[in-house]
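Q: Given chain A, put chain B in place with the hints provided.
These are the residues of each chain, in order.
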Amino acid sequence: MSFHLILFLAFGAVCVGGAVNLLAQRHPINSALSLIAVMAALAGEYLLLGAEFVAAVQVIVYAGAIMVLFVFVIMLLNAGVEEETKGSRIALLFGVPGVLTSSVLMVWVVLRHSVTEAVPIGALPGHPTDIAQLLFHDFLLPFEVTSVLILIAIMGAVVLASKPEATARKVG
Amino acid sequence: MVPSYVPLSYYLLLSGFLFGCGVIGFLIKRNIITIFMSIELMLNGVNLSFVAFAAHWHALAGQVFVFFVMVVAAAEAAVGLAIIIAVYRTRETLNVDQVNLLKL
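Residue numbers (this note's numbering), protein chains in the order written: chain A, 1 to 172; chain B, 1 to 104.
Please note: incorrect hints may appear among the correct ones.
[To be verified] Quick list of the computed label-pair ranges, beta carbon to beta carbon:
1. 107(A) with 26(B): 20 to 30 angstroms
2. 103(B) with 64(A): 13 to 23 angstroms
3. 26(B) with 105(A): 17 to 27 angstroms
4. 91(B) with 107(A): 34 to 44 angstroms
5. 103(B) with 109(A): 29 to 39 angstroms
6. 69(B) with 2(A): 21 to 31 angstroms
7. 2(A) with 85(B): 43 to 53 angstroms
8. 104(A) with 91(B): 33 to 43 angstroms
9. 28(B) with 2(A): 35 to 45 angstroms
None of these hints come from the bench; they were simulated from the model.
Quick reminder that beta carbons are idealized off the backbone N, C-alpha and C, glycines included.
Next comes chain A alone, as it looks inside the complex (with noise of 0.2 angstroms):
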């Protein structure tokens, strides 16, 4: 067994646990820190597939802008522990094994036709040079779409959250 296979392994199953950690947890604030865990993982993901701008962004912007965003809510709304709901029958009926035979297909298909020839780790390209290149070049227009997409989002976050009354004596 390779070093890097057992490097993905490991950051696989902190992945894997994080995320069905995300999903047994009835308190919101630790859901929020094992999906902190699966995004740091990820980010562990990203320098073994040779994206080392990609896992930089993802630390700095997932596991660190974002979550922060989310712990706050969080902390704020003083989110208690989910209320219990019952299950609907259909569900059981039909969910659990609809996701058990769509994961073996999947799983099996994936398998079946994965390419022998895989990726020869840490000799691929994603120096931040060569993504600036595409990014301010290839891809500028996306870049200033999405700049302006962040601006109408910061407007919509302050309308949105501010008081009813004070936007009202804002309008009106």
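A: For chain B alone, coordinates are given in the frame of chain A:
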């Protein structure tokens, strides 16, 4: 030194598992914040596919797509959490079962 390999299918299976966990969480969770986190989990699963395919085909565009997905996820998180705050302010609950009317 022999180059070490991890097959592409392993990455795809992990990615599919994460996406599936996100879908299941989206369906079974009742807390609106946890549902939103499940969406982020789905996006992460898709990102892993993108990076794995980018590495496999030696096409760097996949990594740029991941960058765009992250930007959209950040915008979505900001707006979505603002909506959650607005919902909590009017209904004083985070349970989606009690948020079943568009209008109060």
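Q: None of the hints should be skipped; say for each whether it holds.
A: Okay, the hints, checked on the actual structure:
Checked against the hint of 20 to 30 angstroms, the pair residue 107(A) and residue 26(B) passes, with Cβ atoms roughly 21 angstroms apart. Judged by the Cβ atoms, the range 13 to 23 angstroms given for residue 103(B) and residue 64(A) is violated: they are separated by roughly 37 angstroms. The beta-carbon spacing between residue 26(B) and residue 105(A), approximately 21 angstroms, falls within the hinted interval of 17 to 27 angstroms. In this structure the supplied range 34 to 44 angstroms holds for residue 91(B) paired with residue 107(A), their Cβ-Cβ distance being about 41 angstroms.
Our hint of 29 to 39 angstroms for residue 103(B) and residue 109(A) is violated, since their Cβ atoms are close to 46 angstroms apart. Evaluation of the 21 to 31 angstroms hint for residue 69(B) and residue 2(A) yields a pass: the beta carbon distance comes to about 30 angstroms. Separated by about 48 angstroms at the C-beta atoms, residue 2(A) and residue 85(B) satisfy the suggested range of 43 to 53 angstroms. Distance hint for residue 104(A) and residue 91(B): a CB-CB separation of about 41 angstroms, consistent with the stated range 33 to 43 angstroms.
Range check, residue 28(B) to residue 2(A): about 37 angstroms between beta-carbon atoms, so the 35 to 45 angstroms window is met.
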